[in-house]
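Using UniProt numbering, read the sequence shown as starting at 1 and increasing by one per residue.
Among the clues, some could well be false.
[Claimed, not checked] Think about it this way: if two alpha-carbon atoms lie no more than 25 Å apart in a straight line, the pair counts; the simulated SDA-like pairs of lysine to any residue are:
no., residue 1, residue 2
1, 54, 66
2, 54, 40
3, 54, 44
4, 54, 35
5, 49, 62
6, 49, 36
7, 54, 64
8, 49, 38
9, 49, 72
10, 49, 64
11, 49, 30
12, 49, 35
13, 49, 39
14, 49, 68
15, 54, 30
The hints are simulated quantities; they were obtained by calculation from the structure and are not laboratory data.
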Amino acid sequence: MPDSPMPLTIKRDNCDGVERIEIENVALPQDIQWAVAAVAQTTRVANAKVIAAKGELGFAQPFQQVAQNMSSIPATLQLCYLQTLATSGGESNSNIVFPQPTEITSAFRNKKN
Numbered sequence: 001m002p003d004s005p006m007p008l009t010i011k012r013d014n015c016d017g018v019e020r021i022e023i024e025n026v027a028l029p030q031d032i033q034w035a036v037a038a039v040a041q042t043t044r045v046a047n048a049k050v051i052a053a054k055g056e057l058g059f060a061q062p063f064q065q066v067a068q069n070m071s072s073i074p075a076t077l078q079l080c081y082l083q084t085l086a087t088s089g090g091e092s093n094s095n096i097v098f099p100q101p102t103e104i105t106s107a108f109r110n111k112k113n
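Take the sequences, apply the hints, and build the full model.
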């Protein structure tokens with residue numbers, strides 16, 4: 001601890017009482033400094049996680065709205081699926097196994113009979 005007394009400044013506001021207390025030139029033991037630094041680091045990490053979670057929520061909400069709109073029209077989902085297949089097939093020479101819905105197959109069978 002310092003040998004001389006710590007300077008202490010107190011500013012007062014007539015309406016609310018004490019506005020600010022300033023303490024300067026305080027010497028703390030090394031282990032307390034590490035503890036304070038660890039608490040400060042933990043607080044920064046926690047605040048960063050909160051900010052990241054809020055950002056992810058804001059990012060996910062438009063996707064949720066799009067998914068709700070697309071699910072109301074079944075053909076939209078099929079068109080998106082076909083677009084994905086066309087994009088992935090156009091990037092490289094590859095074979096794409098296209099699963100055909102059973103409703104289409106059964107519709108053709110019924111027309112033949």
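Each hint tested on the structure:
1. 54 x 66: Roughly 19 Å between the alpha carbons, so the hint for residue 54 and residue 66 holds.
2. 54 x 40: Distance ~21 Å between residue 54 and residue 40 Cα, so the pair holds.
3. 54 x 44: Holds - the C-alpha atoms of residue 44 and residue 54 are around 15 Å apart, at most 25 Å.
4. 54 x 35: violated (29 Å)
5. 49 x 62: Holds, at roughly 21 Å.
6. 49 x 36: holds (20 Å)
7. 54 x 64: OK: residue 54 and residue 64 at ~15 Å, within 25 Å.
8. 49 x 38: OK: residue 49 and residue 38 at ~16 Å, within 25 Å.
9. 49 x 72: violated (34 Å)
10. 49 x 64: holds (22 Å)
11. 49 x 30: violated (29 Å)
12. 49 x 35: This hinted pair holds, its Cα atoms lying about 21 Å apart.
13. 49 x 39: Measuring from Cα to Cα gives roughly 15 Å; hence the hint holds.
14. 49 x 68: violated (28 Å)
15. 54 x 30: The hint is violated at about 36 Å.
Violated hints, listed in ascending order, are 4, 9, 11, 14 and 15; each of the other numbered hints is respected by the structure.
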